[in-house]
Amino acid sequence: MTSQTARALGASLRYEFRMQVRKPSVWIVPALTVVLFLLIGGSLLRDLFDPDESSDDARTTVVGLAVQVHTLLSIGYGCLLADRLVRDDRLRVAPILDATPARPSARLVGKYLGAGAATAVPILAVYFGFAAAYAVHTGAPDALGWALATCAVVIVPGLLFVAAFALAVPLIMPAPLFRVFFVGYWLWGNVVAPDMMPTLARTLIHPLGGYPLDALLDFHGIDGGDTWAGPVPGATLNFLRPDPTPTTAWLSIAVLLALAAVALAGGHAVRARRA
Amino acid sequence: MRPLTLWRYEARRAGWAALLGPPVAVALGVSAALVNTMPGDATKARILLGALEMAVPLAAGVGCASLVGRDPAVELQLAAPTPYRVTLLRRLAVTLVWAAMVAGLTAAVLIATGWWARWPANHGPFAGQLTWAAPTVGLGAVGFVAGAVFRSPAAAGALVSTVWTFQQLFADLAQEHLPGRLLYLFATTRGPVPGDWTGNRLALLGAAATLVALALVVLARSERLIGEEDE
Amino acid sequence: MRIEISGLTKTYRGGVAALDGLDLVVPTGMFGLLGANGAGKTTLMRILAGLVRPTSGRVTVSGHDMGTGAGRTAVQHALGYLPQDLGVYPDLTARQFLDYVALLKGMDDRAARRRRVGELLEVVALTGDADRRLRGFSGGMRQRVGIAQALLADPRLLIVDEPTAGLDPEERIRFRTLLSQFAGRRTVLLSTHIVDDIAQTCREVAVLARGRLIFRGTVDELTHRARGRVWSIVTDGPPPAEGTVVSALPHDGGMRYRVVAPAAPGPQARPVDPALEDGYLALTAR
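Residue numbers (UniProt numbering), protein chains in the order written: chain H, 1 to 275; chain G, 1 to 231; chain S, 1 to 286.
Chain H with its partners taken away, still in its complex shape (with noise of 0.2 Å):
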């Protein structure tokens, strides 16, 4: 990378988050999101300080809330982001940046991380805020460790993965198609059971982190009985789900990045074309 393509870049980077983070919506929509959560009875953000619904292990604790968060925040991420790309050329700011020496390439990677970033800081708040809330409140300062971890290798991928597809997929749909297939998909690919019908959920490519959190942090959810990830008899598409260990943890981390690599190459595809 040349000198100017990292300037670039991290002037890209830099705007883009700051337009992004001081928008109202990106905090009004987790913040109605964690109300939702709070209200609906059995959400870890509500049982997290009632000793007879949390689990008694910090990791286990802070993992489910970790899942839960990530299942719901990030729906709201990906709507929030699906015009970010397309909002440019609406706006006709897309000749006068492209007038600029920066590449557009460079431009692009540093919208999305940019843009990224800021709308995942609401989400890592809430995260971090009732993992420091739960640390202190069970005098467990190790579930900070492990939100730290579960972000890094669960929440981090899962966000990235979506938020390539949010900024690159609009460029060939209009941005509110691109919300309910996103909503669909992110349904039908994370939370349908692989035994019902052909799904990407426990596969490699789940952005929920199905084997992350099977392999890397021994998760099975809050009563420990759940499979987040491998075969499950019967189901198509098992060939996609090898036995969990870290390995393939590590694999499926790689095919969630590299998949988000090619959605953001083909939105720079497609707007090269119609320059």
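It is possible that part of the hints are untrue.
Unchecked claim - Chain G is faced by these chain S residues, among others (derived, beta-carbon under 10 Å): (1) Q76; (2) L79; (3) D85; (4) V88; (5) L104.
Keep in mind the hints are simulated off the structure, nothing from the lab.
Every residue gets a Cβ at the ideal spot worked out from N, C-alpha and C, and that includes glycine.
With chain H fixed as given, assemble chains G and S onto it according to the hints.
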């Protein structure tokens, strides 16, 4: 009655997403039913009715959430003698009527082929149309009012999607108490108390009317609508 | 339509005062509005068009109180409005866009609407491009579409904000002539940065600065504000330090400067006749 041409223009303004969303949603729902591997016609019928009760409302809700906040000619609209909120109401109507046409046609096909009756809690071919009508209007109204408040299709769409997902993932908890049951979107295919169904459908329609009225009050402040959306 | 404005104040969120106790009467005919960026012209235009509500004060247009919903609606029925930043629907053709705006203005009769749209496309010289999508239009062509839509319902009050921005010189002259012909017994409020547009079309003018009225009179009166203050100076040195340089032209190896200043900016300076632009600068440079 305004000319049909005006409604045609408003249909174009509602956008491709409003047009494509409902048929794509039905197609996805029917595909899910086709690839479903669980035994029994009732399960397949439930997924088919679920396409109407879940997928169509999501498409309509996100479509309605995209109506406010991105009108390039908003300043001309606000200076015209036709109140802009009436124009937006027309676009809302177009979006919902199109979703209703797609859902109604799909329901007719399901009734004709017998799949409608294979879901035990189907509520018949006539009143049963509230299966899709109530959640479509309800989620559409949520999207419309969220759009009016946020002036941001991204934020409003995110909120609609989140509400929908909550009701999917926490179906039992959302229906634990009567108020939650009355406002639950998917009472036909996931409602545990069949006796509450009619009340639920009417409550959803009533809530939708209230939300649309609220949106119209918010939209009366034309000044908020000028300029780039707040996102 | 006579516009009467008294004590008009508009304060935006954050305490920014766009208009500060403005009193102004705009009679029938062409009326120019001048002012620097941020002077409050666009806010005034938007209040008159019923888009923005004032914080305090009163505005009536032909007796209709703009503070009431009924008053705004009555005025909007008689209004043609061209905003500064005209947005169009890029997927519509010019003809469809005008047809749609005509419908919004209540022109429900199809034949009459088509006839009027056709006439205006001819007036703004877009008949040949009428069935092209607006997406492919240049800035000047879009502006001409904007002018056409403002004239659609034969408005009795025409409010145009920077209407000649993006037009080439020929189009600009044609548009000025069109406005002047249109005015007649109607009211045309023309807001612009381009002083020459006012000079060529308006008899009366108001100047705003920081939300306040600093001048209201005829174009000649504004021009006379600079009498005895406009200087021409030829020098091969730096531009004059005193006053406001209106123009700088190369001249015999040096430069000829036109300067508005209270006193001669140098021993070689000689007085010249003022133009409207000089009057505006003399007024605002105080």
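Q | Hint numbers not upheld by this structure, sorted from lowest to highest | A | Checked against the structure, no hint fails, so every one of them is satisfied.
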